[in-house]
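Peer 1: Sequence:
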Amino acid sequence: MSTSSMILTKKNIIILSIIIITIIAYQFYITSPQFPSNTITNTINTSGKGLDYTELINLQKDLKAQQTEIRKQLEQLKYSINDINQNQNQNQNQNNNEYNNNKLNDEQENNNNNNNNNEFNNEFNNNELINYKERIKKKSKEQPNTCIPVEGKLLCLPNFIVIGTMKSGTTFLDYYLQKHPQIAHHSKKEIWYFNSYYANGIEWYAKHFEQYTSLENQKLIGEATPFYINNPNTAPRLFTTLKNAKLILLLRDPVERSLSQYHFSIQWLKRNKSPPLQYSFEHLIYEEADVIETCIRGHERYKEAFKQRKDIEKNGGNLNSGGEQDEFNLVDPFYTLHSEKNWTFYKDCVRCDKCFQIGSILHTSGHPTFGMLAKSLYFEQLDYWLNFFPLEQIHIIRYEDISSQPESVLSELEDFLDINHIDYGEFKPRNVVQHDPMDQEIKSYLINYFKQSNEKLYNLLNRDFKWQN
Numbered sequence: 007m008s009t010s011s012m013i014l015t016k017k018n019i020i021i022l023s024i025i026i027i028t029i030i031a032y033q034f035y036i037t038s039p040q041f042p043s044n045t046i047t048n049t050i051n052t053s054g055k056g057l058d059y060t061e062l063i064n065l066q067k068d069l070k071a072q073q074t075e076i077r078k079q080l081e082q083l084k085y086s087i088n089d090i091n092q093n094q095n096q097n098q099n100q101n102n103n104e105y106n107n108n109k110l111n112d113e114q115e116n117n118n119n120n121n122n123n124n125e126f127n128n129e130f131n132n133n134e135l136i137n138y139k140e141r142i143k144k145k146s147k148e149q150p151n152t153c154i155p156v157e158g159k160l161l162c163l164p165n166f167i168v169i170g171t172m173k174s175g176t177t178f179l180d181y182y183l184q185k186h187p188q189i190a191h192h193s194k195k196e197i198w199y200f201n202s203y204y205a206n207g208i209e210w211y212a213k214h215f216e217q218y219t220s221l222e223n224q225k226l227i228g229e230a231t232p233f234y235i236n237n238p239n240t241a242p243r244l245f246t247t248l249k250n251a252k253l254i255l256l257l258r259d260p261v262e263r264s265l266s267q268y269h270f271s272i273q274w275l276k277r278n279k280s281p282p283l284q285y286s287f288e289h290l291i292y293e294e295a296d297v298i299e300t301c302i303r304g305h306e307r308y309k310e311a312f313k314q315r316k317d318i319e320k321n322g323g324n325l326n327s328g329g330e331q332d333e334f335n336l337v338d339p340f341y342t343l344h345s346e347k348n349w350t351f352y353k354d355c356v357r358c359d360k361c362f363q364i365g366s367i368l369h370t371s372g373h374p375t376f377g378m379l380a381k382s383l384y385f386e387q388l389d390y391w392l393n394f395f396p397l398e399q400i401h402i403i404r405y406e407d408i409s410s411q412p413e414s415v416l417s418e419l420e421d422f423l424d425i426n427h428i429d430y431g432e433f434k435p436r437n438v439v440q441h442d443p444m445d446q447e448i449k450s451y452l453i454n455y456f457k458q459s460n461e462k463l464y465n466l467l468n469r470d471f472k473w474q475n
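Using my numbering, read the sequence shown as starting at 7 and increasing by one per residue.
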């Protein structure tokens with residue numbers, strides 16, 4: 007049964023009910039005892055029909071019978087209405103179920119469509135990302151260097167820089183890279199711009215490199231200053247100027263590197279007619295170790311103790327068992343004058359900031375003898391540089407691989423610089439300093455001294471350099 011037909015039936019039932027109720031009310035009214043027989047007789051007589059009282063009684067009986075029949079019909083009508091309402095509710099529930107099922111199907115279909123769209127968008131985004139990277143890589147290969155116009159000229163700056171370390175094969179690497187046809191020539195290997203000559207300006211720096219009149223199809227520009235890695239000013243300056251430059255870092259067994267630096271400095275001082283070195287390798291090692299322990303490690307211990315005190319105060323704790331707070335009587339040795347020390351080569355370090363400017367092993371000294379230990383603590387230096395450059399932007403070469411597999415070292419470097427592989431011919435050592443073997447006592451001391459730093463480096467790079475331990 008349709009909704010319109012059910013509504014029409016209800017209307018008819020209501021009208022019929024009103025008529026029946028009216029008839030019943032009228033019957034009660036005319037048969038009520040409050041009307042005397044003569045009044046009724048008179049009323050009927052007035053109509054001219056002449057009904058008597060007996061006929062009226064019979065009429066009343068007939069009306070009561072009709073009233074009973076009407077009540078039965080009303081009961082039937084009530085059940086019919088209930089059936090109609092029940093059917094209507096069932097139909098409505100069925101329609102609601104169908105609607106909900108359809109809605110659920112629509113939602114499921116929408117979800118499937120959304121999933122398909124997401125998969126499509128993800129695939130599209132991944133493809134676009136790959137496409138963008140390929141475009142950037144292509145453009146970077148065509149225009150690898152940072153170029154700026156200065157007074158009508160185009161000055162191009164390095165695409166890659168060898169940042170260290172001293173006596174770890176930087177001269178060998180630079181020599182063979184200068185043979186590559188896709189790498190521009192420079193006036194000298196070590197320019198020292200970012201550590202010592204930064205104030206000379208960018209134009210002064212750019213003049214050390216082969217320049218171009220066009221931005222297209224340039225050669226790669228690079229330099230190699232091994233003192234960059236240990237200087238605290240270099241990383242922020244380089245990041246500000248050439249934050250996209252590729253960095254190359256050569257690392258050598260720190261025990262052997264320290265001794266090589268010592269013998270190199272003797273030759274360098276002689277070659278440059280400087281006063282000769284008056285101290286033995288052992289003397290310089292032990293003295294520098296005392297300076298580092300006093301100025302750097304002492305400074306680190308002070309900072310840790312100060313931090314612990316602040317944490318206790320912040321948490322409302324007491325600093326001693328008596329329940330009273332002590333005065334913080336520790337003194338930062340980094341800002342203390344160490345006049346009691348009998349340092350010789352490192353005599354200026356009685357003021358720690360004269361040697362180690364930022365409270366770490368990084369230093370600005372350009373003296374070839376300075377920092378034989380500090381320059382060999384690779385983890386602390388690299389960890390500082392990672393504040394400015396991500397690890398994937400730094401290509402790290404193990405010095406020992408240069409002598410054992412130079413072709414592989416240069417091949418991996420060519421991939422890092424995105425240049426073609428070429429045949430470099432016969433490899434020959436460069437700038438090698440010959441010296442006697444190290445004394446076993448000082449060698450054991452250095453192996454133990456560098457052990458913790460080496461382990462941190464291995465963990466950072468997830469790479470075992472297989473140095474002496």
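None of these hints come from the bench; they were simulated from the model. Be careful, since some hints might not be right.
The list that follows gives simulated cross-link-like pairs (lysine to aspartate or glutamate, EDC-like), each with its CA atoms no further than 16 Å apart [to be verified]:
1. 353 - 299
2. 457 - 398
3. 249 - 398
4. 462 - 389
5. 225 - 386
6. 213 - 157
7. 159 - 81
8. 195 - 222
9. 347 - 299
10. 353 - 424
11. 457 - 157
12. 185 - 420
13. 313 - 338
14. 457 - 470
15. 462 - 386
Have a look at the derived ranges for each label pair, beta carbon to beta carbon [stated by the list, open to error]:
16. 336 - 454: 22 to 30 Å
17. 187 - 312: 50 to 58 Å
18. 457 - 345: 26 to 34 Å
19. 243 - 427: 51 to 59 Å
20. 457 - 279: 33 to 41 Å
21. 313 - 156: 30 to 38 Å
22. 420 - 346: 51 to 59 Å
23. 360 - 394: 24 to 32 Å
24. 439 - 321: 54 to 62 Å
Here the structure is a predicted model, which means the values were calculated and not measured. We put the CB at the ideal spot given by N, CA and C, even for glycine.
Peer 1: Taking the hints in turn, state whether each one holds.
Peer 2: Status of each hint after checking the structure:
For the hint pairing residue 353 with residue 299, the CA-to-CA distance comes to about 15 Å; that is within 16 Å, so the pair holds. With a C-alpha separation of about 25 Å, the suggested pair residue 457 and residue 398 falls outside the 16 Å cut-off, and the hint is violated. Only pairs whose Cα atoms come within 16 Å are accepted, and residue 249 paired with residue 398 is accepted, the gap being roughly 13 Å. Between residue 462 and residue 389, the direct Cα distance comes to roughly 10 Å. Compliance with the 16 Å bound is thereby established for this hinted pair.
Distance restraint check for residue 225 and residue 386: the Cα-Cα separation of roughly 34 Å exceeds the 16 Å cut-off, and the hinted pair is therefore not satisfied. Between residue 213 and residue 157 the CA atoms are separated by roughly 14 Å; this keeps the pair inside 16 Å, and the hint holds. Of the supplied pair hints, the one linking residue 159 and residue 81 is violated, its CA atoms being roughly 109 Å apart against a limit of 16 Å. Taken as a hint, the residue 195 and residue 222 pair is broken in the structure, with Cα atoms around 25 Å apart against an allowance of 16 Å.
This hinted pair checks out: residue 347 and residue 299 have alpha carbons roughly 12 Å apart, not beyond 16 Å. Under the criterion of a C-alpha separation no larger than 16 Å, the hint pairing residue 353 with residue 424 is inconsistent with the structure, at around 47 Å. With a CA separation close to 53 Å, the supplied pair residue 457 and residue 157 exceeds the 16 Å bound. Note on residue 185 and residue 420: the hinted pairing holds, with a Cα-Cα distance of about 12 Å set against a maximum of 16 Å.
About 13 Å separates the Cα atoms of residue 313 and residue 338, which keeps this hinted pair within 16 Å; it holds. A distance of roughly 13 Å separates the Cα atoms of residue 457 and residue 470; the hinted pair therefore holds under the 16 Å criterion. As the CA atoms of residue 462 and residue 386 are separated by approximately 9 Å, the hinted pair is consistent with the 16 Å bound. For the hinted restraint 22 to 30 Å between residue 336 and residue 454, the CB-CB distance of approximately 28 Å keeps it satisfied.
Distance hint for residue 187 and residue 312: a CB-CB separation of about 57 Å, consistent with the stated range 50 to 58 Å. For residue 457 and residue 345, the Cβ-Cβ distance of about 33 Å falls inside the hinted range of 26 to 34 Å, so the restraint holds. The supplied range of 51 to 59 Å is broken by residue 243 and residue 427, whose beta-carbon atoms lie about 33 Å from each other. Against the hinted window of 33 to 41 Å, the Cβ-Cβ separation of residue 457 and residue 279 comes to about 39 Å, which satisfies the hint.
Checking the proposed 30 to 38 Å range against residue 313 and residue 156 shows it is violated: the Cβ atoms sit about 47 Å from each other. Against the hinted window of 51 to 59 Å, the Cβ-Cβ separation of residue 420 and residue 346 comes to about 54 Å, which satisfies the hint. Between residue 360 and residue 394 the beta carbons are some 25 Å apart, a value that agrees with the proposed interval 24 to 32 Å. In this structure the hint that residue 439 and residue 321 lie 54 to 62 Å apart at CB holds, the actual value being about 56 Å.
In terms of the numbered hints stated before, the structure departs from hints 2, 5, 7, 8, 10, 11, 19, 21, listed from lowest to highest.
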